Each structure stands twice: as structure tokens, then as C-alpha cells.
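A.B. asks: Below are the chains, spelled out letter by letter.
Number of protein chains: 2
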Amino acid sequence: MDEPRFELFSYWRTSATYRVRVALNLKGLQAKEHNINLDAGEQRSEAFLKINPMAAIPALIDRAPGQPSTPITQSQALLEFLDEIHPEPPLLPADPHGRARVRSLVAMLAADTHPLITPRIRKYLTTTAGFDDAAWRAWQIQWFTTGLQALEQRLINEPETGRFCHGDALTMADICLASIIAVARVFKIEVPDIPTVTRIMADCEKLEAFAKADPRKQVGAPAA
Amino acid sequence: MDEPRFELFSYWRTSATYRVRVALNLKGLQAKEHNINLDAGEQRSEAFLKINPMAAIPALIDRAPGQPSTPITQSQALLEFLDEIHPEPPLLPADPHGRARVRSLVAMLAADTHPLITPRIRKYLTTTAGFDDAAWRAWQIQWFTTGLQALEQRLINEPETGRFCHGDALTMADICLASIIAVARVFKIEVPDIPTVTRIMADCEKLEAFAKADPRKQVGAPAA
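Protein chains in written order, with the working numbering: chain W, 5 to 228; chain U, 5 to 228.
Quick caveat, the hints were computed from the structure, so don't treat them as lab data. All of these numbers come straight from a predicted model, not from anything done at the bench. The C-beta atom is built at its ideal place from N, Cα and C for all residues, glycine as well. Some hints could be false.
[Claimed, not checked] In silico DMTMM-like links for lysine to aspartate or glutamate, alpha-carbon gap of 20 Å or less:
1) W:Lys192 / W:Asp136
2) W:Lys54 / U:Glu162
3) U:Lys54 / W:Glu156
4) W:Lys36 / W:Glu46
5) U:Lys31 / U:Glu11
6) U:Lys54 / W:Glu164
7) W:Lys54 / U:Glu164
8) W:Lys54 / U:Glu156
9) U:Lys31 / U:Asp218
10) W:Lys127 / W:Asp43
11) W:Lys54 / U:Asp197
12) W:Lys31 / W:Asp6
13) U:Lys54 / W:Glu162
14) U:Lys54 / U:Glu37
15) U:Lys31 / U:Asp6
16) U:Lys54 / W:Asp197
17) U:Lys221 / U:Asp207
18) W:Lys54 / W:Glu11
[As the list claims (entries may be wrong)] One-sided excerpt, in silico: chain U residues whose CB lies under 7 Å from chain W:
19) Pro72
20) Ile76
21) Glu88
22) His101
23) Gln157
[Stated by the list, open to error] To give an idea of the interface, some chain U residues facing chain W are shown, with a C-beta separation under 8 Å as derived from the structure:
24) Thr77
25) Ser108
26) Leu120
27) Gln146
28) Glu164
The task is simple: from the sequences and hints, build the whole structure.
C.D. replies: In C-alpha cells:
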């Protein structure tokens, strides 16, 4: 059997890697995964810092002949990349205003929410800033709640919302929505008053591309 | 005189609004600015939450006839939008790997760095978490340094870097680089060991589109 075109540096529970897994699944693309154990700090190893000096996953390397060997990092960039090299099914609507709305919903979660609860922030707050477990948990809950409730307000008030975040076709906004809910579950955090978000998550999970990407089903996940 | 096509909700010193101002300037587009005083908490007013439930700027409304009235928020989405509706000069390279690299550099700053030092984080850390001024400043320095030094590592090690972040043509990565340096200056933070970042910033500032967007020149900025 041929080796997959892509190598993906990943970890079972991360929200950002989940997004890339769903996109690969939707587009029928294969990647060989390399486990970077965030709980053991492997993202800060000398070897991994050569792949991503930001010490974060995911990172994707394209092994197709003639392609640049620079690893592609950052989930938003990866979703756009996969959509450009393999346009079906599309992860963005066709019109510029629709694309802008979807990218804005993506950034509410991938930029304004998720980076606040990553391992580097946990490390700083629980060491330098002296947060105990309860303070760290309150911090996590604060930003999951802020991001998801703001998303809910947009979804219920903006006429573009349909079966999914933008109309009735799946987009990268749905992938990001699902990625935040999936990781909130890992941390056993439930955000109240987000019925539209919850409805869309339920519809996403009916799709095999999402179900297969569930953090709890990945290599390295703890037994249930 | 005709009214400008766009309305931009902004504040003099914000990094994310700076990005949009530079892009508008590069493309020769006009926007009528509405000042949202972040230091007075105006982003959390009932009126503004209707424009952006995430309580953040920038937000752009397109007043062109027949366009959706939903405000466009999030600087990454806005840069992509302006590039799609007004492609010259382009803010992204043409090839998918190049576009992915530029978007990844953008996200290192716009997603992994800037959201950590926004007003909502300052409010939480200095009230709920009890940070004093020195602890808040140490936090700001930590994340400006992490983001900009990781960017430097990529710029010096990756062969795609040229006069600007990606080759010799300006992209949205340069706009984001400049936006972080511009706001670091406002907070009087200097990050050491970033010679490539500093060189690119100097080249950006030779361009009128960047010089005109300097936070210190905007309405509402304190006298020098």
C-alpha cells in the first residue's frame, strides 16, 4: 500500500487537530499521524520545535513530489489549504460575504476562544501565576462560555444560519464549533444556554467524518 | 461627496483594527470610522453587542446596495474579505502552499498571540485573578515575546522568507506582523532577538498604507 501523502503531527484530545482530522475525513484524504504528547511536553522538544517553533500542533507535511517541505501549521491555515487543494466538498460558501461570515465564526472559536485554554497558557497560569486547579477550571469555563454563548447569539440572530452555521451546507465554521464542544467534553465542561450550537453539533455528529474524529476514539486516548 | 461604502467600528490603539486600516489603505478603499472606546468598556454596551456579541472590534458593515447587512467581524476574516472583493494588490500569494504559509504566520499572531492581551483578558486577570500591574505587564511581555520570537525562528529558517514575510511582495502576514509591533510600542514593550521581524517592520513603515494606520495618528490617540 502507498504511504499517505500527508504526515500529521497530532495528539488525541486537541481541538485544533480535531478540525484537521474532520477536514481530511470529509475530503477523503489520508494522513499518517505522529503522536506529540502534549501532557508530557513533547511539543517543546528540540526535535519538534524544528517543525513548529510555536510549540503547537497540528503540523502537516505534504510529501507529494515537488511540494515545499515547510510544515503547515495552524488549523485555520490548514482548513483553507485542504479546501484549496481538494475543493470537494467545499468548506466555504461561494460568495465573499458568506465566506467572511464563516471565517469570522471560525475565528471567534479558533482565535478568540481556543488559544486561551492551550497547554502553554495552563503552564503559565498554574506555575508563574499560581492558579490552583479550581482557578484554572474557572478560567477554562469562562472562555468556553464567552466564546460559545457569543456564537449562539450570532447563530440565533443572523438570518444566514440554517441547518448548519451558514445555510444548510457544512462549512469550516461547523468544524470549529464541533472542535470546541468535543474538547469541552474532554474537560467535562458544559456551557448553558447554547441550544443552536447544541443542535448543530448533533447534526455534525451524525456524519462519519466527525464521528471518526472524536478525541475519545484516537490513538492515545484514555480508556473510557 | 459620496458616503464611503464601509463603516468600520474601531479604536485608535487596537492591533486588529490596524490590520483592517492597512488593508483598506493598500486597496484604496474608504471606511467611515465609529469610535468604540475600549478603555471605557463601550464594546460591552447593549448597542454594540448587537453589532458583535463577542464584544470586540473591528466590525465592518458593507453599505453597498444589495449586500447582506450582517457586520463582518474578526480581522482575519476581514483581510480575506477585502482581498476577495478588491484583489489588487493581492494580500496572499497565488499557490496553495504559499497561501497556507502566509495564513499560518497570520494565525501565529492573530490567533495565538493577540487574543491573549485583549481587554477581556486584562479585565479577568486584573479583577477575578487579582493580577497587579506588574503581573499584567509580565503576562503581556510573555505572549508578545513567545509569538514574535517564534515568528522570528520561522522567518530566519524557512526559505520562503524574502524582503517581506513571504517572498518580496507584501502579504497579510506582514500586516499582522506590523500590527503586533505597533501595539507593542503603544504598551512600551520591546521584544529582544527579532532582527528579521524588525527589518520587515521597517520596510512596511516606508509604505504610506502602514504609516497612515499608525495607532498614534488615529482619532482618539493621546497627544504625544
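A.B. asks: Does each hint hold? Answer for all of them.
C.D. replies: Evaluated hints:
For the given pair, Lys192 (chain W) sits about 18 Å from Asp136 (chain W) by alpha-carbon distance, which is consistent with the 20 Å threshold. Straight-line distance between C-alpha atoms of Lys54 (chain W) and Glu162 (chain U) comes to about 10 Å, which keeps the hinted pair within the 20 Å bound. Among the hinted pairs, Lys54 (chain U) with Glu156 (chain W) is consistent with the structure: their alpha-carbon atoms are about 13 Å apart, no more than 20 Å. Of the supplied pair hints, the one linking Lys36 (chain W) and Glu46 (chain W) holds, its CA atoms being roughly 18 Å apart against a limit of 20 Å.
Distance hint between Lys31 (chain U) and Glu11 (chain U) is fulfilled; the C-alpha atoms sit about 16 Å from each other, no more than 20 Å. With a C-alpha separation of about 16 Å, the suggested pair Lys54 (chain U) and Glu164 (chain W) falls inside the 20 Å cut-off, and the hint holds. Only pairs whose Cα atoms come within 20 Å are accepted, and Lys54 (chain W) paired with Glu164 (chain U) is accepted, the gap being roughly 16 Å. Only pairs whose Cα atoms come within 20 Å are accepted, and Lys54 (chain W) paired with Glu156 (chain U) is accepted, the gap being roughly 13 Å.
Of the supplied pair hints, the one linking Lys31 (chain U) and Asp218 (chain U) holds, its CA atoms being roughly 17 Å apart against a limit of 20 Å. Distance hint between Lys127 (chain W) and Asp43 (chain W) is fulfilled; the C-alpha atoms sit about 11 Å from each other, no more than 20 Å. Pair hint Lys54 (chain W) plus Asp197 (chain U) holds up; C-alpha atoms about 18 Å apart against a cutoff of 20 Å. About 18 Å separates the Cα atoms of Lys31 (chain W) and Asp6 (chain W), which keeps this hinted pair within 20 Å; it holds.
Annotation: proposed proximity of Lys54 (chain U) to Glu162 (chain W) holds, straight-line Cα distance about 10 Å (limit 20 Å). A threshold of 20 Å between alpha carbons decides the hint, and for Lys54 (chain U) with Glu37 (chain U) the separation of about 17 Å falls inside it, so the pair holds. The hinted pair formed by Lys31 (chain U) and Asp6 (chain U) meets the criterion: a straight-line CA distance of about 18 Å does not exceed 20 Å. Proposed proximity of Lys54 (chain U) and Asp197 (chain W) is supported: the alpha carbons are some 18 Å apart, at most 20 Å.
For the proposed pair Lys221 (chain U) and Asp207 (chain U), the alpha carbon gap of about 19 Å is at most 20 Å, so the pair holds. At roughly 15 Å between alpha-carbon atoms, Lys54 (chain W) and Glu11 (chain W) fall within 20 Å of each other, so this suggested pair holds. Interface hint at Pro72 (chain U): satisfied, since its Cβ lies 5 Å from the closest Cβ of chain W, which is below the 7 Å cut-off. The restraint placing Ile76 (chain U) at the interface with chain W holds, with a minimum CB-CB distance near 5 Å, inside the 7 Å limit.
The restraint placing Glu88 (chain U) at the interface with chain W holds, with a minimum CB-CB distance near 4 Å, inside the 7 Å limit. Taking 7 Å as the C-beta cut-off, the interface hint given for His101 (chain U) holds, the closest approach to chain W being about 5 Å. Interface restraint check: Gln157 (chain U) against chain W, minimum CB-CB distance 4 Å, threshold 7 Å, status holds. Residue-level restraint check for Thr77 (chain U) holds (minimum Cβ-Cβ distance to chain W is 5 Å; threshold 8 Å).
Interface restraint check: Ser108 (chain U) against chain W, minimum CB-CB distance 4 Å, threshold 8 Å, status holds. Against a cut-off of 8 Å between C-beta atoms, the interface hint on Leu120 (chain U) holds, since the closest Cβ of chain W lies about 7 Å away. Given the 8 Å rule on beta carbons, the hint for Gln146 (chain U) holds: about 6 Å separates it from the nearest Cβ of chain W. Interface restraint check: Glu164 (chain U) against chain W, minimum CB-CB distance 6 Å, threshold 8 Å, status holds.
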